[in-house]
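Residue numbers (the numbering used here), protein chains in the order written: chain G, 3 to 357; chain W, 3 to 357.
For the record, the hints were derived by calculation from the structure and aren't laboratory data. A hint or two may mislead.
You can't tell identical chains apart in this list, so a pair holds if it fits in one copy or across any two.
[Unchecked claim] Once the Cα atoms are required to be at most 20 Å apart in a straight line, the calculated DMTMM-like pairs of lysine to aspartate or glutamate come out as:
(1) K81 / D154
(2) K336 / D159
(3) K81 / E120
(4) K81 / E119
(5) K81 / D159
2 protein chains.
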Amino acid sequence: MNDKADENDRPGFHCPVPLDRYPGVLLAHGGGGTLMHRLIEEVFVSAFSNLGLEARHDGARLDVGSVRLAFTTDSYVVKPLFFPGGDIGSLAVNGTVNDLAMCGARPLYLSAGFILEEGLPMETLQRIVGSMRRAAEAADVRLVTGDTKVVDRGKCDGMFINTAGIGIVEHALDIRPASVRPGDAVILSGDIGRHGMAVMAVREGLAFESTIESDCAALAGPVLALVQAGIEIHCLRDPTRGGLASALVEIAEAAACGVHLDEDAIPVRADVQAACEILGFDPLYVASEGRFVAFVAAGDAERALALLRAHPLGRDACRIGSVTSGGPGPVVMKCRLGGSRIVDMLSGEQLPRIC
Amino acid sequence: MNDKADENDRPGFHCPVPLDRYPGVLLAHGGGGTLMHRLIEEVFVSAFSNLGLEARHDGARLDVGSVRLAFTTDSYVVKPLFFPGGDIGSLAVNGTVNDLAMCGARPLYLSAGFILEEGLPMETLQRIVGSMRRAAEAADVRLVTGDTKVVDRGKCDGMFINTAGIGIVEHALDIRPASVRPGDAVILSGDIGRHGMAVMAVREGLAFESTIESDCAALAGPVLALVQAGIEIHCLRDPTRGGLASALVEIAEAAACGVHLDEDAIPVRADVQAACEILGFDPLYVASEGRFVAFVAAGDAERALALLRAHPLGRDACRIGSVTSGGPGPVVMKCRLGGSRIVDMLSGEQLPRIC
Numbered sequence: 003m004n005d006k007a008d009e010n011d012r013p014g015f016h017c018p019v020p021l022d023r024y025p026g027v028l029l030a031h032g033g034g035g036t037l038m039h040r041l042i043e044e045v046f047v048s049a050f051s052n053l054g055l056e057a058r059h060d061g062a063r064l065d066v067g068s069v070r071l072a073f074t075t076d077s078y079v080v081k082p083l084f085f086p087g088g089d090i091g092s093l094a095v096n097g098t099v100n101d102l103a104m105c106g107a108r109p110l111y112l113s114a115g116f117i118l119e120e121g122l123p124m125e126t127l128q129r130i131v132g133s134m135r136r137a138a139e140a141a142d143v144r145l146v147t148g149d150t151k152v153v154d155r156g157k158c159d160g161m162f163i164n165t166a167g168i169g170i171v172e173h174a175l176d177i178r179p180a181s182v183r184p185g186d187a188v189i190l191s192g193d194i195g196r197h198g199m200a201v202m203a204v205r206e207g208l209a210f211e212s213t214i215e216s217d218c219a220a221l222a223g224p225v226l227a228l229v230q231a232g233i234e235i236h237c238l239r240d241p242t243r244g245g246l247a248s249a250l251v252e253i254a255e256a257a258a259c260g261v262h263l264d265e266d267a268i269p270v271r272a273d274v275q276a277a278c279e280i281l282g283f284d285p286l287y288v289a290s291e292g293r294f295v296a297f298v299a300a301g302d303a304e305r306a307l308a309l310l311r312a313h314p315l316g317r318d319a320c321r322i323g324s325v326t327s328g329g330p331g332p333v334v335m336k337c338r339l340g341g342s343r344i345v346d347m348l349s350g351e352q353l354p355r356i357c
Numbered sequence: 003m004n005d006k007a008d009e010n011d012r013p014g015f016h017c018p019v020p021l022d023r024y025p026g027v028l029l030a031h032g033g034g035g036t037l038m039h040r041l042i043e044e045v046f047v048s049a050f051s052n053l054g055l056e057a058r059h060d061g062a063r064l065d066v067g068s069v070r071l072a073f074t075t076d077s078y079v080v081k082p083l084f085f086p087g088g089d090i091g092s093l094a095v096n097g098t099v100n101d102l103a104m105c106g107a108r109p110l111y112l113s114a115g116f117i118l119e120e121g122l123p124m125e126t127l128q129r130i131v132g133s134m135r136r137a138a139e140a141a142d143v144r145l146v147t148g149d150t151k152v153v154d155r156g157k158c159d160g161m162f163i164n165t166a167g168i169g170i171v172e173h174a175l176d177i178r179p180a181s182v183r184p185g186d187a188v189i190l191s192g193d194i195g196r197h198g199m200a201v202m203a204v205r206e207g208l209a210f211e212s213t214i215e216s217d218c219a220a221l222a223g224p225v226l227a228l229v230q231a232g233i234e235i236h237c238l239r240d241p242t243r244g245g246l247a248s249a250l251v252e253i254a255e256a257a258a259c260g261v262h263l264d265e266d267a268i269p270v271r272a273d274v275q276a277a278c279e280i281l282g283f284d285p286l287y288v289a290s291e292g293r294f295v296a297f298v299a300a301g302d303a304e305r306a307l308a309l310l311r312a313h314p315l316g317r318d319a320c321r322i323g324s325v326t327s328g329g330p331g332p333v334v335m336k337c338r339l340g341g342s343r344i345v346d347m348l349s350g351e352q353l354p355r356i357c
């Protein structure tokens, strides 16, 4: 047994194949699972760590003068551009607003970088820009700077959008994976998997009895409700690429804790569950774009739930589990039909280009 | 004659064809010329102006608490990824650092959003990431947050990179086109056109006697030297897409002033001039990535020149013209061979995908 095999066999380390065995980038390197994490650790963190890169969080926290800022970025390459419940424009605004919210920050300003494909109908661009405007107004953020590039036909599937965001941190909480403690309550703000299945259904031309709409929404409202009420929040995460399972495993590993989940407590809508069964997906790994997980001190759990349920975006909030000392990493789920199983990070790519 | 024709005939308005006559996006909409400006004005500004978009500047200036920030973004789609004097990585760092510098800000933090093509050699990615690290270290900025997406083969020519940047404004100057006044000196920090010709030559497989290297560099150093010396700077701009001509026309129009240029004073290296002649380009419209124009109060012009010439990136700085009251917009150039001509904004696309 060589060193590589040893390394890959140690518990909590989920990528069976080292990066250097892949000579080229795979779609799975963007999937939010273990391959993406290896790429980030081995290429980006190793290059940028001394430049301050915070790799295991949705954004960076920065002190500028006397002001505490959060700063984050995401590119959006969703295919198709329009899907039930949203489009690449609303997704690009809400996604970055949510990354700021997951730092516990109040989102203030966004930038927008457009990469447009030659031949993109001007009317399509205008619809998407209008959608961004409405999403920014709804989230109370200002879109203050931008950039436009045009590339040749066939080179970007209509358009890609990057947004970066600045938010202000107005509390003394240290919201990040390392703050998670055994005993913390794990609270989920609503049902999971809608965004991924909405995009997948329209992309594959699947018609279900009802149309599954993306849950795409800006989450700063319910998050700031918790912050302002003084809830002792330890970590926040929106389960996008890789889904709820990958988000929980990543946080548990970074916190050197375990998580016990109760499958029965995790809300999945019947239509999403049915679509997942037809297509062979596990909803635990399917992206949401309007949900978040909060790790809060156990004593604040009931109050946090009540606050979330009073908010339109947290009506179905529920406690789905607890943090244990059994780390680093194992997320164990008590199954609906009895028994329990280890929940792993997504190993590759389940749903390419859903955000 | 209808209203549209009237509008397009008025002086200082350089786009002969209204946007709605283009049903789709053209490469020229990304070229830095009049078509791009129409796209920005008619699509982005009309949607986002009430959200605070500053369209005629390289970045936004924001007050957050007691701190004055600059915030900017650019996407980079340069083809090919590597060119003499740089690559998409160093360009993505320096370009955004320079946009912050053009706001008179000290660059502090960058984000990086990568869109990678399936199949991109891992070694290529690592080379480019290494180049970004070196450029960030040289420019003294921290790369603090990022994002990676992967798209299918053929969908992004290897990789696109977006960077956004935050800088701090540590002076009371109001650096923007509207601050430009008749009588201001127009100072150029060095020779123009190298970046565009370097990319073009390698893309077209052209071999000249000497290799033209991109001037790609971070400009915060020489800009902050001017700021710290108390030079009364009114406006700064790096002549990237659209070249020096488009940058000057845009500023003159926004300032409702004119500009008188002296062709003889504008430095163009002999190899760049020769390559432009062979390919039929006018160096006034060819992008630089390590040069800037400063509009300064006339009384400070000599001191500004001395400061710039003392800096390695400003050794060839020179005064190329003056601001006149003859606005809005005409940029008039006294030609080397006698006579003078009106310098217009680039009307479409001269060099696609050079940044």
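Against the structure, the hints:
1. K81 / D154: Answer is both; intra-copy 18 Å and inter-copy 11 Å each pass.
2. K336 / D159: neither (42 Å within a copy, 46 Å between copies)
3. K81 / E120: both (17 Å within a copy, 15 Å between copies)
4. K81 / E119: both (14 Å within a copy, 15 Å between copies)
5. K81 / D159: both (8 Å within a copy, 18 Å between copies)
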